[in-house]
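Got two chains here, separate frames each, mind docking them using the hints?
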Amino acid sequence: MLDIYTWFYTGVALVIIGSIGTVIGPGVNDPIIRTLNTEIPAIGLSLILLTYNSTIALLTYIAATTIISMILLRAIVRLEELGAEL
Amino acid sequence: MTATVLVPNVVSPVVVGLFLPAVFTGITVGLIGLLAISYQKNDLHALILTDIVGIGMLIIVASVGTDLAESLVLPGLVVELAEIMAISEILMSREIRKQGKSVELFPLPLNLDMEVLTTAPVFFAVILVAYGAFLSGFTGGAIAGGGILFYVISRIARGVPSNTWEGLAGASGIAWCLWLVGFLIFFVAPDYWLLALFLSAFGVFIKVTFKASLVGVMGREEFKKE
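Chains U and A are the protein sequences, given in the same order.
To convert, note that position 22 of the first sequence is 22 in the numbering used here; the numbers rise steadily by one, no gaps.
To convert, note that position 34 of the second sequence is 34 in the numbering used here; the numbers rise steadily by one, no gaps.
If we strip away everything but chain A, and leave its shape as in the complex, we get (with noise of 0.2 Å):
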């Protein structure tokens, strides 16, 4: 039985000759994650299986083998990564809240007070928000938001003063608008496509990094409430 599926002549026929064991291959590894979660009993161990799922969800988003396969990946990385984040936190302030006592932000078995402690969340975020920068777009604010993410709930609860949340709003919402109209300039007026480019490029940059650090902010100042 041949395969009666329409396959652009683009594609080179290397991708084409992939694509079944590539999907077989995601399937099993879904199948096999899929399967554990159901025996585990344990939420956390359930957690750390969502991400075997999710490398079977991107094999079978790579077989598609173009272009198109590479746009797709990006936002499939991006929704593991919130939901990784999302339910990990549900699970940590669940147990605070079952054992009813108050914990410090930054787990010390030991009063420690060494240097790399308050240096090392620094570098990564350096290291994070400069890797994001280079990738610019949507995945590079969102691997520089983790960055800012990673270095605001490693710290010890600290207040943020009002006036810099609304001003991260509000560059937020500029750099949108940049986007916007970067957008705008590829059909009003296509011989300017590099500086449209670089408008969405750095524009959607901005504005997904300053979101994803308002969500690590607005979480701490949560937690400090409790």
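In isolation and in its complexed conformation, chain U is listed as follows (with noise of 0.2 Å):
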């Protein structure tokens, strides 16, 4: 349960699935389903951190990618508010 290749192969999984997704998965022509769907290779990422004990990097890398979130959100909705073809 605790043996760390579990982790690392899930994160792994997690980061390759997830990048797949963000360029094929369904309904991507969507921004914001394309920038939901960087979500999951995030969470991979995470694990795979986690397996490595970066504490640090992995609380930072927390606070960035929900600020890279937000960034993209708002370029998402103005661009759509200011009649951008997406």
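It is worth saying that the hints were derived from the structure and are not from the lab.
This one's a predicted model, so the numbers in the text were calculated from it and none came from an experiment.
Just so it is clear, CB atoms sit at the ideal spot from N, CA and C, and this is done for glycine as well.
A hint or two may mislead.
If you want a taste of the chain A side facing chain U, the calculated C-beta under 10 Å gives, among others [stated by the list, open to error]:
hint: 1; residue: Pro13
hint: 2; residue: Val16
hint: 3; residue: Leu18
hint: 4; residue: Phe24
hint: 5; residue: Asp67
hint: 6; residue: Ser88
hint: 7; residue: Met92
hint: 8; residue: Glu95
hint: 9; residue: Thr119
hint: 10; residue: Val122
hint: 11; residue: Val126
hint: 12; residue: Leu168
hint: 13; residue: Gly170
hint: 14; residue: Ser172
hint: 15; residue: Ile174
Quick look at the structure:
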């Protein structure tokens, strides 16, 4: 149960499946869905950082990925309001 | 064929064993992201896919697996954050210029007057600044600065007196001096290492915070000018 290989390979699988899902997943022509899909590889990367005991890197990554999501969603909402083709 | 890379003894064998899978994962994810960007016509979608390439980069850095990896992940994160912030601003200002119409800084289709719209940015900013102060150091400064930046860009444009700018820049410079003094104490008087550590950590925290929020203030002034 606490075997670290479990966490590591779960993280690897989440990162690869999540990034493929972000690229060619269902409904990714909507930028909001594509942004939400990037959260899956983010969880995978968090598991990998957890395997390597990188606590500070993990804490900073959680904060940075939140800020990145906020910036991307703000850009999408503003571009949609301007009537740009997405 | 065995690997002939010299690995120091302090690296645990588990980390050495995980090195090749981690590097291959990073390269795979990076290739997936870059291929998708090369087929992508829309700039906004390419910006979102940059996130995937950044994740691949972080996995490759993390595969080193010691304190070196931890200290290399942090600047990578900050650079990725700054890059996405800058490119999204460029996309928006290009679109505004192309259409030639003026827009509100706070995007709302309806004229809603709800309390949460004015308090939520304050709440986010307070949480991010408090979390940044907890982290301290360069990354804490980046996070607290991001919080202030978010607060500034989500408010409707309102002039900031130039005295405030000068004051922020001066405080940033003084904090940088604290950082330098902290480093000097490390070498001159190693017995006071705790004082030096806190001087460096909070000096660079205040400096990076003020620098990041100054970027937001200047960007907002630029926006108002158009």
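- prompt: Is the hint on Pro13/A kept, meaning its closest Cβ partner in chain U is under 10 Å away?
  reply: violated (12 Å)
- prompt: Holds or violated: is the Cβ of Phe24/A closer than 10 Å to a Cβ in chain U?
  reply: holds (9 Å)
Chain U contact restraint on Thr119/A - CB to CB distance below 10 Å: violated (16 Å)
Restraint outcome when Val122/A is required to lie within 10 Å of chain U by C-beta distance: Violated. Min distance 15 Å.
- request: Could you check if Leu18/A really has its C-beta closer than 10 Å to a C-beta on chain U?
  value: Hint holds; Leu18/A Cβ to chain U Cβ min 6 Å, cut 10 Å.
message: Next item in the hint list is Gly170/A. Is there a CB on chain U closer than 10 Å to its CB?
response: violated (27 Å)
query: Regarding the hint that Glu95/A lies at the interface with chain U, is the smallest CB-CB distance below 10 Å?
result: Hint holds; Glu95/A Cβ to chain U Cβ min 5 Å, cut 10 Å.
query: Can Ile174/A be said to touch chain U, with a Cβ gap under 10 Å?
result: violated (25 Å)
message: Quick check on Leu168/A please, does its C-beta sit within 10 Å of some C-beta on chain U?
response: This hint is violated: Leu168/A lies away from chain U, its Cβ roughly 21 Å from the closest one there, beyond 10 Å.
- request: Verify the interface restraint on Asp67/A: the C-beta must sit less than 10 Å from at least one C-beta of chain U.
  value: With a closest approach of 9 Å, the Asp67/A hint holds.
field: Interface hint for Met92/A, Cβ within 10 Å of any Cβ on chain U
entry: holds (5 Å)
query: Holds or violated: Ser172/A as interface residue toward chain U, Cβ cutoff 10 Å?
result: violated (21 Å)
Checked against the numbered hints above, the structure breaks hints 1, 2, 9, 10, 11, 12, 13, 14 and 15 and satisfies the rest.
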